[in-house]
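A.B. asks: Letter by letter, the chains look like this.
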Amino acid sequence: MSSTLPYKLHGKSGPIRVALAGNPNSGKTSIFNALTGARQHVGNYPGVTVEKRIGSFKTDQAAFEVLDLPGTYSLSSFSPEERIAQDELIEGGHDVVVVVVDSTTLRRSLVFVAQVMQTDANLVLCMNMTDEADKAGQRIDLDQMQALLGFPVVQTVGHKGIGTDGLVRAIFAVAKTPSINHRLVLGERLETAIQEIRKRLEEAGRQSAGLDWVASRLLIDDRHFVDHFRNLDERGRFAVEEAEHQRRRIESETGRDISLFISERYYGFVDGLLGEVLQCRPRDDARALSNSVDKVLANRVLGLPIFAAVMYAIFWLTFTGGEPPMGWIESGFSALGGWISGWWPAGAESPLRSLLVDGVVGGVGGVIVFLPNILLLFFGLAVLEDTGYMARVAFLMDRVMHRFGLHGKSFVPMMTGFGCSIPGIMATRTLENERDRLTTMLVLPLMSCGARLPIWMLLIPAFFAPSWRAPMLFFIYAFGIVLAFVLALLLRKTVLRGKDAPFVMELPPYRMPTMRAVVLKMVERAWIYLRKAGTVILGISILMWFLTSYPKKDAYEVDARIAAGTVQMTRTEIQNARAAEDLRYSTAGRIGRFLEPAIRPLGFDWKIGTAMIGAFAAKEVFVSQMGIVHSLGKIDDESEGLREKLAREYSPLVGLSLMLFLLVSAPCMATIAVTRRESGRWKWALLQLGGLTAVAYIISLLVFQVGRLVG
Amino acid sequence: MTAKATHGTLTRALEDYLETIFRIMSSTPVARVRDIAHARDVRSASVTPALRRLSDMGLIDYARREYVTLTPTGEQEARRVYARHCVLTRFFSEVLQMPPDAAEREACAMEHTLSDDGMDRLVRFFEFLGACPDATPGFLEQFHQCSLVHDDVPPCPNPCPASNEKSRHLPRPRPSKTLFDLKPGEQGTVVQVNAHGGIRQRLLDMGILPQTRIRLDRVAPTGDPVWIELNGAQLALRRQEAETVVLEVS
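In order, the protein sequence lines correspond to chains A and B.
For the first sequence, this note's numbering begins at 1035 and goes up steadily by one.
For the second sequence, this note's numbering begins at 475 and goes up steadily by one.
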């Protein structure tokens, strides 16, 4: 049984289906990009690829469909990613499986290759990062390696696109003529056991593909497989019993437990192979440069202060560097609004004009204006990820994270949450333990996301002096982080009690990020933001415009009072008063007023309440909503900025209370939906929604009431 | 073997079932499926196919579904297996001084492979120990106090060739430390990984297994986690996990 393929290749229509498998940090995703040109995430942190990504490409001879499997260190189904990778390899029916390995860590990487060999996949081995291995002085006899393994071995440098053509040729070649894929024999003792279990599996009607792998999983007592066969039928149960016996035999004969025994056999195979093909070992000082950088960046004393400085610098850049382009966008949108207004004769009342200018241009413009900030923040985070610094941060931060019931690896999803909670929550899949994952997911919306940045950009300058603005932004972010820790600890002490997951994380060498990868990542994330601006926020802006404009009032109290002669007013004042009455009368105003008694103790009026309704749909809507709510009271051309308006209407204490409430309270609808999807239960999503809102209420209440007493 | 003569081979799993039934029947007249499942630590549904096979071989009476009794052939076969089990357990615990549960496990594994002849000789050896008037009295006690059997017993003043042999083959134990106890820059060779379950598997997957050389590079600000290097790759490990890895420091 050397090359049994479970699926027919010849004469079948459709593209050649290729799966990419490999360790995290093997550059698998950059190979995926080089093959398909797909725009997606390429990180230097273990486990960035957590989603199922599919791309495609064509050559003169054939069309290919490529699936990027999650990066895993083994197929031991220890984490959800390993389970996905294993299921795809056994049951995915891929025509070709490309295993991507980091050429600088061959010993460990080839153990993974050995496991994939047992699944009887039609293999191509892609030795990636050969430039680094070359530099370290490693030389491999490729012909010998191909001969010993029985399938093609290709050398590549993924992020530079070197070797991609050769890889495509190899994929096409094995798709046409399946590789020999020598059956992996891991010593006589293990071989006997696997053969015996295979016999039982064949009796149980199991197809021959991947039988070695299934047998070794039964032998190692993998609950997933054991339960499957136990519940299958009596023949399945015999296979399980046979595996139990073989396991006991091996353990008593060798004095080792089965998992150690099998691991040793894998390493034995790899060492044997490397002995044959390694012409030159890599030098010991291959990582010298990276190591000396770590002497500073991962230093026991300097590490954390440097990290804090790096984060502060990124926020400072976001705030200061974004200012000029924001001005250009702002004036662009106001020119657009003026141009659209020009379609109607001056002074004419038109609901359509109001909808376009105030609703659409005002709403969407108010969101897009923050694009420069978002691009800068995402650029900074992408650089941190791609250099490998994020992994150091996880190392430095783990103790603190762990103390609060989180995991060093929680740190990266949480950092991603600064961009947007949604990819952050999705990135929690890199956590192996479900409790760690849930805890991280539930508190993650406290990381002030990109959508909340516009809110801070609006409110902070409105209420605080220029010299206080950067520290205030830092405070808001820091407050979110601290509160996240406290709530995480609370969760781990109550609903999510249990044992910790192991912390075994790879620290890849520092790598110079390529501009292309960083920009792609930045654009990809910014695109998510813009798409939201174009869809959800456009819709919400129109809806909110409608809610704030209708129903219309027929007669105004102010007119009645003037008619009665009780007050004297200028034209402007009269129109202001009418507009205010209009808003109070509108649907949004009614909802806001209905909520007012509840939010009054926090210092909020019904206008803020009205804007917060929009903020639940998407946080940044708060800004455009505040704009619409307040601009309705504006009638002359003497343009008064929203910030000045706010500064006049509310005290800085209300501003602070408001910012804290918006930071902590109910995350947006999309976040709730993603939490539901990722946690698999409405229970967790609703806990997140209700819990965070309750906490926000308490905090704002305390801040406002205590602040008022203190003065 | 007798069972071979009837129908098909008696596998180890089936021998274990037979033995279980025999043990249950020594205290009650019949064995219930539930009791068998309980004794074997499996679900009742898992027992059924094995019982059906034993029944097909004519070793048990399994017609009434709920109760099981041994046929005369079955009882003979079960006694054979059970006797081996008892003899082996005694040998490992009384002669070789293994803890009772470990002796039991060894016996479980060996009872299926021990030949009739081997069994016979072992039984005679026991008889000799208990009954032979010419055997040197107390020699078994001497054996139990010998440094060859127990590492914590000091070598006897009258060294025998065997104990010299032992000291030649077993290297003098080097000072061992856990991975967490290493100082930055210090290296060691893994001798043991004491973690269990998923953690153990993950450590093995990352290449932390006996014979591997590991160097501790640095520690995090509070000393935990630790940063190690092995096989040219660098990993971070928390105290909890690092303490399960025992190293021989070179």
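Treat each hint with caution, since some may be false.
Stated by the list, open to error - Beta-carbon label-pair distances, calculated as ranges:
#1 B:Q661 with A:P1339: 28 to 34 Å
#2 A:E1268 with B:Y541: 17 to 23 Å
#3 A:P1500 with B:Q661: 36 to 42 Å
#4 B:T696 with A:E1237: 53 to 59 Å
#5 B:Q661 with A:G1309: 21 to 27 Å
#6 A:T1354 with B:V723: 49 to 55 Å
#7 B:V723 with A:D1199: 47 to 53 Å
#8 A:I1196 with B:T696: 55 to 61 Å
#9 A:S1501 with B:V723: 39 to 45 Å
Said to hold, decoys possible - Covered stretches of chain B (chain A as the covering partner; in silico rule of three or more C-beta atoms under 8 Å from a C-beta of chain A):
#10 576–588
#11 673–687
Unchecked claim - For lysine-lysine, the following DSBU-like pairs were computed, each having C-alpha atoms within a straight-line distance of at most 30 Å:
#12 A:K1527 with A:K1587
#13 A:K1194 with A:K1169
#14 A:K1194 with A:K1092
#15 A:K1586 with A:K1527
#16 A:K1587 with B:K651
#17 B:K651 with A:K1329
Hints were generated in silico from the structure; no laboratory data involved.
Fair warning: this is a prediction, and the values are worked out from it, not measured in the lab.
Every residue, glycine too, gets a C-beta built ideally from N, C-alpha and C.
A.B. asks: Taking the beta carbons of P1500 of chain A and Q661 of chain B, is their distance inside 36 to 42 Å?
C.D. replies: violated (55 Å)
A.B. asks: Keeping to a limit of 30 Å between CA atoms, is the pair of K1586 of chain A and K1527 of chain A held or broken?
C.D. replies: violated (53 Å)
A.B. asks: Can you tell me whether the CB distance of S1501 of chain A to V723 of chain B sits inside 39 to 45 Å?
C.D. replies: At 56 Å between Cβs, range violated.
A.B. asks: Confirm or reject the claim that T1354 of chain A and V723 of chain B have a C-beta distance inside 49 to 55 Å.
C.D. replies: At roughly 52 Å between Cβ atoms, V723 of chain B and T1354 of chain A fall inside 49 to 55 Å, so the hint holds.
A.B. asks: How does the Cβ-Cβ distance of E1268 of chain A and Y541 of chain B compare with 17 to 23 Å: does it lie in that range?
C.D. replies: Taking Cβ atoms as reference, E1268 of chain A and Y541 of chain B lie about 20 Å apart, which means the hint holds.
A.B. asks: Count the residues of the stretch 673–687 of chain B with a beta-carbon closer than 8 Å to any beta-carbon of chain A: does the count reach three?
C.D. replies: holds (count 11)
A.B. asks: Given the proposed pairing of K1527 of chain A with K1587 of chain A, does the C-alpha separation stay at or below 30 Å?
C.D. replies: violated (54 Å)
A.B. asks: Check whether the Cα positions of K1587 of chain A and K651 of chain B lie no farther apart than 30 Å.
C.D. replies: violated (82 Å)
A.B. asks: Could you tell me whether the CB distance from T696 of chain B to E1237 of chain A stays inside 53 to 59 Å?
C.D. replies: Holds, at about 56 Å.
A.B. asks: Holds or violated: the 47 to 53 Å window for the beta-carbon distance between V723 of chain B and D1199 of chain A?
C.D. replies: Given about 49 Å between the Cβ atoms, the range holds.
A.B. asks: For Q661 of chain B and P1339 of chain A, compare the CB-CB distance with the range 28 to 34 Å and indicate the outcome.
C.D. replies: holds (30 Å)
A.B. asks: May I ask you to test the hint 55 to 61 Å on the CB atoms belonging to I1196 of chain A and T696 of chain B?
C.D. replies: violated (42 Å)
Of the numbered hints listed earlier, those contradicted by the structure are 3, 8, 9, 12, 15, 16.
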